[in-house]
Structure formats: structure tokens, C-alpha cells
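Trainee: Here is what each chain is made of, one letter per residue.
Number of protein chains: 2
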Amino acid sequence: MDVGAFNDFLLTTEESLQVQVHRYLVGKISNGQLPPGTRLPASRRLAMDFKLSRNTVSIAIEQLKAEGFLRAEPGNGVFVNKDLPKNLVALAKENWHWSLESNGRRLPKLSYFGQQLDAQPAGDNRLNLPFTPGLPDLKAFPDRIWQKNQRQHQDRKLLQGYDGSQGYLPLRIALAEYLNISRGVRCEPEQIIITQGAQQAISLCALVLLNEGDSVFVESPGYRNAAKAFLARKAKLLPAAVDTKGLVVDDLPDKTTAKIIYTTPTHQYPLGGILPAAERIKLLDWAASRNIWIIEDDYDSEFHFHGKTIPAMQGMADQTPVLYIGSFSKTLFPALRLGFMVVPQQLAATFVLAKEYTGGESSLLAQAVTADFIVEGHFGRHLRKMRHLYEQKWDHLRSLLTLHLSGLATPIASSAGMHLVLNIAIEDDQILQQYFMAQGFGSTALSSYITAGNIPDETGKRKNKMSGLVLGFANTSEDERLKGVLILKEFLQSALKR
Amino acid sequence: MDVGAFNDFLLTTEESLQVQVHRYLVGKISNGQLPPGTRLPASRRLAMDFKLSRNTVSIAIEQLKAEGFLRAEPGNGVFVNKDLPKNLVALAKENWHWSLESNGRRLPKLSYFGQQLDAQPAGDNRLNLPFTPGLPDLKAFPDRIWQKNQRQHQDRKLLQGYDGSQGYLPLRIALAEYLNISRGVRCEPEQIIITQGAQQAISLCALVLLNEGDSVFVESPGYRNAAKAFLARKAKLLPAAVDTKGLVVDDLPDKTTAKIIYTTPTHQYPLGGILPAAERIKLLDWAASRNIWIIEDDYDSEFHFHGKTIPAMQGMADQTPVLYIGSFSKTLFPALRLGFMVVPQQLAATFVLAKEYTGGESSLLAQAVTADFIVEGHFGRHLRKMRHLYEQKWDHLRSLLTLHLSGLATPIASSAGMHLVLNIAIEDDQILQQYFMAQGFGSTALSSYITAGNIPDETGKRKNKMSGLVLGFANTSEDERLKGVLILKEFLQSALKR
Chain A
16 MDVGAFNDFL
26 LTTEESLQVQ
36 VHRYLVGKIS
46 NGQLPPGTRL
56 PASRRLAMDF
66 KLSRNTVSIA
76 IEQLKAEGFL
86 RAEPGNGVFV
96 NKDLPKNLVA
106 LAKENWHWSL
116 ESNGRRLPKL
126 SYFGQQLDAQ
136 PAGDNRLNLP
146 FTPGLPDLKA
156 FPDRIWQKNQ
166 RQHQDRKLLQ
176 GYDGSQGYLP
186 LRIALAEYLN
196 ISRGVRCEPE
206 QIIITQGAQQ
216 AISLCALVLL
226 NEGDSVFVES
236 PGYRNAAKAF
246 LARKAKLLPA
256 AVDTKGLVVD
266 DLPDKTTAKI
276 IYTTPTHQYP
286 LGGILPAAER
296 IKLLDWAASR
306 NIWIIEDDYD
316 SEFHFHGKTI
326 PAMQGMADQT
336 PVLYIGSFSK
346 TLFPALRLGF
356 MVVPQQLAAT
366 FVLAKEYTGG
376 ESSLLAQAVT
386 ADFIVEGHFG
396 RHLRKMRHLY
406 EQKWDHLRSL
416 LTLHLSGLAT
426 PIASSAGMHL
436 VLNIAIEDDQ
446 ILQQYFMAQG
456 FGSTALSSYI
466 TAGNIPDETG
476 KRKNKMSGLV
486 LGFANTSEDE
496 RLKGVLILKE
506 FLQSALKR
Chain B
16 MDVGAFNDFL
26 LTTEESLQVQ
36 VHRYLVGKIS
46 NGQLPPGTRL
56 PASRRLAMDF
66 KLSRNTVSIA
76 IEQLKAEGFL
86 RAEPGNGVFV
96 NKDLPKNLVA
106 LAKENWHWSL
116 ESNGRRLPKL
126 SYFGQQLDAQ
136 PAGDNRLNLP
146 FTPGLPDLKA
156 FPDRIWQKNQ
166 RQHQDRKLLQ
176 GYDGSQGYLP
186 LRIALAEYLN
196 ISRGVRCEPE
206 QIIITQGAQQ
216 AISLCALVLL
226 NEGDSVFVES
236 PGYRNAAKAF
246 LARKAKLLPA
256 AVDTKGLVVD
266 DLPDKTTAKI
276 IYTTPTHQYP
286 LGGILPAAER
296 IKLLDWAASR
306 NIWIIEDDYD
316 SEFHFHGKTI
326 PAMQGMADQT
336 PVLYIGSFSK
346 TLFPALRLGF
356 MVVPQQLAAT
366 FVLAKEYTGG
376 ESSLLAQAVT
386 ADFIVEGHFG
396 RHLRKMRHLY
406 EQKWDHLRSL
416 LTLHLSGLAT
426 PIASSAGMHL
436 VLNIAIEDDQ
446 ILQQYFMAQG
456 FGSTALSSYI
466 TAGNIPDETG
476 KRKNKMSGLV
486 LGFANTSEDE
496 RLKGVLILKE
506 FLQSALKR
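These protein sequences, in sequence, are chains A and B. For our numbering, add 15 to where a residue sits in the first sequence, where the first one is 1. For our numbering, add 15 to where a residue sits in the second sequence, where the first one is 1.
Mixed in with the good hints there might be a few duds.
Remember, identical chains collapse to one label, so a pair may be satisfied in a single copy or spanning two.
The calculated DMTMM-like cross-link candidates involving lysine to aspartate or glutamate, where the alpha carbons are at most 25 Å apart (straight line), are [unchecked claim]:
hint, residue 1, residue 2
1, Lys80, Asp258
2, Lys172, Glu391
3, Lys172, Asp158
4, Lys400, Asp410
5, Lys498, Asp152
6, Lys345, Glu495
Since the hints were made in silico from the structure, they are not lab data. For clarity, every value in this text was computed on a predicted model and none was experimentally measured.
Just chain A, with the same shape it has in the complex:
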């Protein structure tokens, strides 16, 4: 044991010695070398044996008395407690070990959801590899400006204390204005709740809107982690079909007991379709007349350079049954861990409490720096710059695909922004993903995005058995794009020969 290490932590060297004496004696009592009723040698004697000061030993003994291991008989000395609880003695005999194996003692059960997670393979590592979907181009981030803002805020004492679970007011004010102008969202700062990324926002919706066993429509293919958040409420997932224009509203059933429909209308994830305005109104009407909440995940709206962006559903009418969700993970950077949601005015307090009880406040420094970044115009400038940059990368990738993968893979035209979806007629796209990963590229198999069972293709209308790759090109260099495409070419050509 490295006594020096104690100094780095809570204890002074003197205290660390006391702890060692304490542990030594507990060990002796536990393993029966000092059975109940034994008289302890005098502390002076022990101190000599230990080569320690008498004070050090005395303090350890006092602690053992306070804990009930030892008992003083005045004028007679200190004894190992005769009335040590039986279970302490039993445990002591087992040398303080409750072994899962040795005595059949097992850990208590998990919940239904816990067991589901337990059965699932561990999550991916979110490696920051080229072509990993969802990674922005961090090299183009204006670090200097961000760090200057951060330095200005970091010595503000007010940013160390408690602020409130709803989020930092200046950030909510800046966001309300930004969302109104750029996305047509109708909201006051009081309706905005700052979250730990979009994922917490979706999870809060599940908590506040779903009872256990309720049904939820999710786009399929769609955003898998949204589906997982609903499963935490034991939700029944109903697949909603998507095509190149996003969610197929006409396919939604006339009668349903579903409580929520989760959708990414501005840039369907992952296929990229933009839901037309008329379809948005149809969807609003479908949901409102059936008392169904719409979760509008405005994923990637900022980078949609392929066709004009349509305003958010949330703002298409007053009092829409819409929870609007966004994130700074892609527009700024993932590790910032800030997202936000806009909820109907009368539900704001309810959502704030739900956030308070499941995670509490969000990092104040991150919120303050982000607020300034927006208000000072850096956010808008950064988004414009990134849109152009991503469009150039997209153009380059598309030309590479045309040049090298014609006849082997087909890009889905609507997929723009930060990733491109490549349709590949291959039996098992997971193998392709693994092969690509082994070469250092982090794309995801398209089949992984099926969230809620396959759409039956008997009708022939929309075959949904998709295979291919989702290529996040935002974080790739020119060289990486070329190298990646050539690797795919080689793999697919040799797969064809077989």
C-alpha cells in the first residue's frame, strides 16, 4: 500500500496511518484471530509493535469502539465486543466475503427494462472515426472565440451555484429568438427547457406523456435511441413508414390508441426526406383529432442545404400538440451536452419538475458560453460556414460515388446535411459495416435503423427491407473520403464475384 498516495486525497499522513491500523484490527477480528471477548493489548504495547506513535493507535481504537467492534471495560482494558451481531461474526468468518458463487447468494433482480438492457450487447463506443454518423467537423469550429467567451464567464461566481432546472435564462431568451426567426417556432423563453442533449428531452417526453404499456409511433427506419427511450416506459412501438419525402402520413391508421408519434420532419433520420408543408398540416390534424402528441425532433435542420428548409410544425398553428426538440451536439460540438425542448406553455412547470427529479440542472458554464455565442452572432456565422463546407464535402463524396461505385451502390438523393445514405443490395450490411470499421471507418449499417419491425412489403408499395451504409461525411477529409470509397469499391466488387 502506497502511504504517500493518501496525501493526495482526503487524509493527512497521520490519518492514513490510523486508517491502516483500523483496517488491520478489523481484519484480525473478521478472520477470527481476535475472537469476541479477547482482551486487546494495551495501546502503548500495540504502538511499539506497529512502530507508530501511541496517539495514532489510540485514535484507531477509539474509532473501533465507536463502530461497535471494541468495548472498553473501565479499569479493565479494551475487549473485542462479545455482543458483536451474529451476522457480523458470520460475515467475519467468511472473511467479509459474500461470494456470489460460494454460497449461492445472488444480487437482487432488475426491472423489466433493466433486464432488456442487460440482454442487449453493450453500446457502441461512438468512436470519433471518419464516416461516423453524427460527428460534426470539429476542425472548423471557432475555438478561439469559444474559449474567449469561456474565459470571460469562468470566474463568475454566480455560475457556480444553483440556477434552476429549466436552464439559464439568457440562453433561453437567445434560443426563443433564434428558433422563431430561423425555424418559425412560436415560443417564449418560459416554454424552453435546456436538456442534456436531445436524448434527455425525448426521455422526459416518455416520462411525462407515457404510461407503461402505451403505444408510440416511431419512424422506421428512424432514430434508434428515441425508440429505446420509449421502451423505458415499456412502450409498444408501432412502425411509421417513411419514403423519400419523410413520414408517410397517409399510411397512419385512422383508429389508434397511440399516445405519441415521434418524427424528424425537417430531415428524416436517416433517409433525409423533407416532409412537405401540406403533409405537416395533415399530420397535425391527424394527431390533434386523435389526442396524440407529436414529438418533432428538428434533427439537422441547420445543415439542410438540399432544398429550402420548411418551418417547424410546432409553429404552424397556435397550441399545436407538439413537443419541439433540438440539440447543440451537431451545430456546436457533441461533448458540450446541451439540447433543448419547447413545450406548450401550460406544461413547462411539469417538464421542469420531471427534469429536476431525473437529473437536475445543466452545466451553467456551458449554457452561458452558448448564450453569448448565439447573441454575438457567432452561431449564425458558424452555421452558414458549416453549411457551405458540408455542401462541398457532399458534392465531392457524390462525385466519388458516381465515379467509383456506379452499379454497386446508389446514394439516396435526399440524404444531405451531415451524412449520406448509400443503398447497397447486399445480403448482410452489418458485415460491410464491420469490414469498413476494421479499416478505420465508422459508418453504420442501414439495417440498424429499423426501429419497430419491418414494414410488410406484400403491397409492393414500399419495400422497407433496406440495406446499405449511412456515411457521416461531415467529419471526413478529402483523402479519407477517397480512401473510404475505394475500400467500399474493392469490397463490393469482390462480393459481386462470389
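Since chain A is already given, all that's left is putting chain B on it; use the hints.
Mentor: Frame of chain A; chain B shown alone:
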């Protein structure tokens, strides 16, 4: 509308004008002034009317075509779409308003938990007032060192991308060593999960360990927000009695279907009792033999200067059924929003997934700075300094209470650390809290800490109808302590006269 503001956001001035034209035309179509089938004036004509460039108007019209509001008939002009969906027309007639009042349309229902939250008064503002429980003395925080660490990390590109929901490995390594040495916790970094404060850790336990309707023992009086996190699983809360030595283990029933017992053994919240080692082992045995999880919230262990701290239950044996929870909100500062939990090895992956689906990663910068702060020894030094400082403040407050409030209020001796509990025989301590708040002091009424119904006092053994105040003295100055005590004196003396 302030056109200039557009520049600060996503759009260039030119784009903002396009948006205004777009909105104007949607408005006309919506309110019926441009009914379906109407031919739109030529864009040249419109541009003259608007006093804008033709290009601006053309782009807005193209957008309306893409959205389905307008339709071009080649060689004939542009028309308002005759096939506008009926519901769009209907909505248009209502001037795009779904009014809750006007047509009886209501928002969909909330979940059971959502309705509970909805019925609850909004959460307190966590004002950073003197005597607000849970607030550390931020003035004594070593800002310079913290900020230096922060500057060293903030330009690391790696700290902007994705890292993983379990938490930053160097922080988990530092924590494992610290927790082992200072708290006797047995764990590897693989068992640690970094969370958004202790609250997220409790909430994850509820998610992974509780099915809906399961029972949970909570200390009463105890930590209210833990109880709330269990209620999100529709849990049945069972009160566990506490006395000046913490949880009364002997009072726990022999037979129970409870799945969890939530406890604060190192410093019972709020009364301050320290659970003796023998009682801890009894509790471990009680829980393990009944297949019950123990959530050990090691609240305030670092600042417990009143009697030696007893090692954590988690480490008293191998494979204890214990989820150990801690937080940096009090040892560093609340707005950092970092906490942690130690789970049994075989459950680590499950808890990481649960975190991924409900909130995802934690702020990387905050984690990296905290890791350095621990490893470089600043954490240990800061804790030692704060323990002395808080002890001085506690001594001062106690002497003031003896001097001014004898016979009016009784401090609970065990309550130390960062707050002191004052027993006051008063009918309604909420009124006292409100009065004190009106004078600028943020203490909390003791009766607020009853988490799960009152303990029946027929036995006379432990009357649990408590009234008084919880005074967070950590963030008070000498003057504030004196002023606060004198205000209490005045109030209580005049209350006595009545």
C-alpha cells in the same frame, strides 16, 4: 419586425426578406384572401409592390411551390394549389389557429406521473441565499487553480467529440482510487458511471431496478428528491424510521416485498445521524437475505467533522447488493453538475445503456478538469480546508444558538457538515420558513423532509412529527449567521407571547 436581427442568426438580410415574403403569402392563403385556384400576380409585379428585388420574390415563390401551397402551370402562371388538403383549408379559415378555448380542442393527456407533477406546486428556485441547505461556501473555492486546469483542457479537440456515456476514463480512475482510500469503497473504474449529479444516479437506479408499482423504503425524514425519482416508476413509498444514529434497522419489517431501500448512512439527511458499523452489517444482511437493493447515498461524507466517518457499506464485503452514489455538487460546486455511482461489476454495462437512453454523455470538459483536480491533490487539500472552515462556522452558529435561542429551539447534535437542524416546537414550520425567506434567508422547514407519511407515534418510541428549520450554514458569513439567529429569536419570542 426587426430585420436587422436576422443578421445575428441563421439568415442573411436577403434571406430574411424572402422569409417575410413567404410568410405574407402564406398568411393571405390562410385567411382566404388568396383562395385555391387564384392566379398569382407575376413575380415582377409582386416585386414592385413589395419594393423588393424580383429575385427575392421568386425564391419565396419557389419555396411555396416546394411546400405545395402554389402550383405552376407552365406557360400559364402560378396558382394557389386547388388540391390544398382540406385540413389546410380548414386551418387556413381558422387563421392557422387551433385555439384551445374557441373550438374545445385540448392538448392530449399526460402520463400518471406527468399528472402528479402537474398537480404539484412548481419547484423552489434554489435561490442562492444564506442558510439555503446544500450550498457550499463558493467564496472559498480555489478558482485560480480550477481555471488554470480548465484553460489547459479547453483547446483539446478530443474533448469536443463523443466519448461514451459511462464517463471520462481518467476521471473514473481517479475516483476509484479516491473512493477506495477515503471511503473504503471496493471498485474498479469499470464499475463507476459518471452522472449529472446524484439525482441522475438515483433516477437510473429507479429505471434499472424498479418495475412499476414496486415498493421502496425511504428514510423519513429524508431526501425528498430521491422519493420523487422513485415515484416516476409509480413506486409505493414505505417510510423507514430514523433516529439520531440514522436509519433504525431494527424497525425494518421481517417480511417485505420492497425492491430497494434508499439510505444516507454516513450522514443521515437531514438529521445527521451516523449509522454504526454493526447496524450497517445488520442492514446489509437484512437486504441481502430478502433480495433487496441498497442505495447508499454517501451524502456529505467529506464534510463530516462531528465524529469519525465510518467506511461505506458498499465496501464492507464483496458483492454487496449496494449501489453507491456520490456527487461533486457540494465538494466542488453545484453548477458543475457532476455526480457518480458505483455499481456491481456485472451491472455496469446495463447502467451505461440506461444512461445513454435517458441523457447520454456528461460534459467532457467538466470531467477532465475534475479528474486533474483530484489527481493533482487539489481535491484533498480543498476538502481538508473546507472541513476546518465548516467546523468553525458550525461552532460559531452553535454558540449563537445557545446564546440567543435557548428555550426556543434545540439544535440536533448530530447535524453537522454543511447544515444544522434546529428543532422548534411550533405548530407550522412552513410559516417560519416563509417568514425567514422574506428576510432573505433560504432555510427549509423540517416538516418538508417527511418523505413517506408520518411514522405513527402511538408507541411513544419515536415521535416523528418534527418541526423546525434546516439551516445550511456553509454559505453564510459571520454577519449573516448573527442576523439570521436574531431574526429567529424575534419571531419565536413574539410567537410565544401569542
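Trainee: Now tell me if each hint is right for this structure.
Mentor: Against the structure, the hints come out as follows:
no.: 1; hint: Lys80 <-> Asp258; in the structure: between (73 Å within a copy, 20 Å between copies)
no.: 2; hint: Lys172 <-> Glu391; in the structure: both (22 Å within a copy, 23 Å between copies)
no.: 3; hint: Lys172 <-> Asp158; in the structure: both (24 Å within a copy, 9 Å between copies)
no.: 4; hint: Lys400 <-> Asp410; in the structure: within (16 Å within a copy, 59 Å between copies)
no.: 5; hint: Lys498 <-> Asp152; in the structure: within (18 Å within a copy, 55 Å between copies)
no.: 6; hint: Lys345 <-> Glu495; in the structure: within (20 Å within a copy, 46 Å between copies)
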